[in-house]
Amino acid sequence: MNRLNTMASWMKLGSACVLAVGLVACGGGSDDDGPATATPDFAGRYQVTMNKTQDSCNSGVAQQLSTQQTVTQAGRTITLVSNDVTASGQVDGDNRGFSVSAQATVSGVPISYGTVYRMTDTPGLYQAGLSIVATSGSARCTVTYGGEARRL
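Everything in the sequence shown is counted per our numbering, starting at 90 for the first residue and increasing by one.
Hints were generated in silico from the structure; no laboratory data involved. These figures come from a predicted structure and were not determined experimentally.
Cβ-Cβ distance ranges computed for the label pairs, FRET-style:
(1) 157 - 130: 16 to 22 Å
(2) 130 - 195: 31 to 37 Å
(3) 130 - 229: 34 to 40 Å
(4) 194 - 132: 27 to 33 Å
(5) 179 - 142: 22 to 28 Å
Ideal placement from N, C-alpha and C gives every residue a C-beta, glycine not left out.
Build out the structure end to end from the sequences listed, making use of the hints.
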């Protein structure tokens with residue numbers, strides 16, 4: 090139970106870092122009958138707003154998160170930076186979004202972050218999802234957020 094309390098404490102203290110994992114973009118697609126579409130460019134700054142959708146940790150972290158994040162790209166490799174957290178990942182196979190992840194250990198508790206962004210019908214507006222998983226022994230809890238990212 091003490092480790093679960095530690096996880097909850099980290100979630101409260103790290104809510105700014107939690108969002109750091111979040112954000113980004115999308116574009117393009119491919120035609121099976123024609124040449125492959127070039128990898129879309131997701132590099133840039135984004136304003137992200139997300140609402141908490143699950144909190145099995147009872148962490149008390151913010152119901153809504155809002156921040157700006159920076160995405161850099163080299164080919165299909167994506168790096169997302171928000172505050173002091175850097176997450177990395179790849180453009181999705183269908184070129185319509187990308188996923189990034191990061192890991193940290195806080196007070197001996199492993200924390201994994203994962204973020205997925207998908208294009209919408211509105212240019213520059215993306216669906217955004219964030220998942221934070223804390224694991225201690227056989228105990229595991231998850232905090233998730235859903236919302237949007239807007240390219241600035």
